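Protein sequence lines correspond, in order, to chains C and G. Each residue of the first sequence is one higher than the one before, starting from 1 at the first, in the working numbering. Each residue of the second sequence is one higher than the one before, starting from 1 at the first, in the working numbering.
One should not assume that every hint holds.
Unchecked claim - Pair by pair, the computed Cβ-Cβ distance ranges are:
(1) D257/G x K272/C: 40 to 46 Å
(2) A179/C x T258/G: 57 to 63 Å
(3) L322/G x R216/C: 25 to 31 Å
(4) D257/G x K203/C: 37 to 43 Å
(5) I268/G x R216/C: 34 to 40 Å
(6) D208/C x L322/G: 44 to 50 Å
(7) D257/G x D139/C: 37 to 43 Å
(8) K271/C x K276/G: 54 to 60 Å
(9) Q263/C x V113/G: 51 to 57 Å
(10) L322/G x N198/C: 50 to 56 Å
No lab work stands behind these hints: they were computed from the structure. On a predicted model such as this, the values are computed, not experimentally measured, just so you know. C-beta: ideal position from N, C-alpha, C; glycine also.
Spelled out from the first residue to the last, the chains are:
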Amino acid sequence: MTKKIDALIIFIWLYLVIALPPLAILYLIKIFSPASGLFGDLMVKIPDFPALVATAVALPLIGVALSLWRKKLKIVLFWNLKKQSKMHFIFISFLLSFVLWQFYSVLSFLSYFGLIILIIFLLLILPLIDKYLRSVNFDMVKAYIIPARNKERKYFGKKILLSLIILLSIHMAVMILDAKIYEYNHNQQFMARHPQINNIKPKIVYYDTKVILTGRGFGWKGLIDTKFKYQEGIINVSLWTDTKVIFTVPLHWKTGDITIWIQKATDWDGKKVLLNSDEVKLRLISRDDGWDKDDDAYFEQLKHLDKETLGLNGYK
Amino acid sequence: MDSLTIIFILNGVFFISLFLLKNIFISLVLAAISLFIILYFLRQKRIASAHSIFNLPSFEFKDSQYISSTVCLIVFLVLQLLIGFNASLFITFFIFSYVNKLRPRISFIIALVLFVTMALLTALGNYKIAEDIAILTYYFLVIGVVWQIIEIRSIKSSAEINREPNESEIKIIAKKDVFQQRNASYNHIFLKRSILIICILVFFSFIIIISIKPIIKQVKQPIIKKSVIKQQVSTPIVTPILKPITHASLVILNATDTRGLAGSAAAILSKDGWQKEFDISTGNYLGDEILSSNILKYTKNFEDRVPLIERSLNIRVTPVLLKQATQEAELTLILGR
């Protein structure tokens, strides 16, 4: 078991040296000249930037962890480094963090706090990664693969086979990671395409009241749907933009609490799909069944409505 | 054979096999087999590590160089929020070069590298990035030329100082010897200072331009707005659809492949006070083709806004007069290339 762990420590290093740089170069070719066709359909299979970064961080960290476990490496902390090394790692950490944060939006949602987290993270892991990468060399690979003089040739073949299996397994793990990250991002993109209703004004309505829905991703045309339809009918939409929809409460809706949502058609993965927004509630009250607390609530809400909604419904 | 050579050979095998076989797994196997073969042939020899080849300790920098580089990165980070990427890049580069006493040829070398990159990208068909790099190349060349002029001036002045005086000049020099030598020694410092002063002036002029721009716009805006309001009052032409809506809707659509074009136009208009009268929303133009011109669809009552939009956004639009407002908006601006 310990020999296999030692082999893993060596082959993680080997993968980082012989496979990761060409993959990074291929990624750059893919980004800068997508139409070059140098490698044909292969470009689709090249791991994307998130997978490459994750590999460049995770693999050495696994190597570090295994080396620490096998006591082949001593833990290095940033504050214990020499002054020159400290300066070196501060500069490299800042530069890498800035590139990742600014150009690849890594933790950019946290603003400058995200940048600081990245710098601290890199300051902690870079000295360890550096020490691990320096601790393995080709002589160690040679010592592992090439048997001692008195050993059989079969042993050499077995080592080569094991080495190939380890290398291909590492690459397989990288490809699976890439596929998972792609799937996650793809799903996030799909979710982001869904319309989202942030606000509905007014919330208590009579028939023929004009209602404003605000939010994002409504598209430029779509449908307003509801669960409790009294009967099918056309809804008069006076404005439909990506962030705002104005419609008139139709006569075919049933009074009471109505759950409504927006539905828009979009192309996704070459197919037409219908996307539903989140649901919002509307209380439809009748003018014809006498004055009650619902009517009071309707007029109470008018005090808090904005000018636009009031103006739309004839109130000044 | 050393580690670096082995790495280059293995990466070469990986690339060539990938180019020929178009399979990453097979390329990886081939690279690994090449490594085993190389290691077998080198089994009796010690392989020098990349660390010893580069002799990394000799590359050690001074503390001040690390500090100045990190400070320059921070300056770049702050400036690019204020004045954009390109301007901050050049200001930071200028400061960095001055602090580290770099020669003007560095600027030319960077320009040359960018030029080669640009040519490669153009050959590979990535024109958009090539265009951006071409702009950067031009800027670096300009900086290099300016820098070179400054350096030539400093060389000339130092050559004059060091020239052997003839007999007639000896008498004159003897009279004002002390005073002139003091001046000459200050000359070099002055030239260095002049670079710093230019840097500071460029930096402050950028800041002043940026800070004055909105003030100038604010000063100009009320005059335009007043005339707009007057016209509105004197000619109350409102279509039946617009009557109940106090806030007219203005939709800006991006019909190019440039991301965020509609958003930035909306931001400019909001900054100019358009959001007081209009509900501005943005989106992408859903047509198949990329438009080559800007189109403004409007109804008769918004006719007076056409030149104002052109002025605010500093663009020319093709006006399309609608008989009736569309379902989406009363005013639709489609931004083309």
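Cross-check of the supplied hints:
1. D257/G x K272/C: 40 to 46 Å: Check failed, 23 Å falls outside 40 to 46 Å.
2. A179/C x T258/G: 57 to 63 Å: violated, 31 Å
3. L322/G x R216/C: 25 to 31 Å: Given a distance of about 26 Å, which is inside 25 to 31 Å, the answer is holds.
4. D257/G x K203/C: 37 to 43 Å: At roughly 41 Å between Cβ atoms, K203/C and D257/G fall inside 37 to 43 Å, so the hint holds.
5. I268/G x R216/C: 34 to 40 Å: About 21 Å separates the Cβ atoms of I268/G and R216/C, which means 34 to 40 Å is violated.
6. D208/C x L322/G: 44 to 50 Å: Between D208/C and L322/G, where Cβ atoms are some 27 Å apart, the hint is violated.
7. D257/G x D139/C: 37 to 43 Å: The hinted range 37 to 43 Å is violated for D257/G and D139/C, with Cβ atoms some 52 Å apart.
8. K271/C x K276/G: 54 to 60 Å: Violated, at about 43 Å.
9. Q263/C x V113/G: 51 to 57 Å: Between Q263/C and V113/G, where Cβ atoms are some 53 Å apart, the hint holds.
10. L322/G x N198/C: 50 to 56 Å: violated, 30 Å
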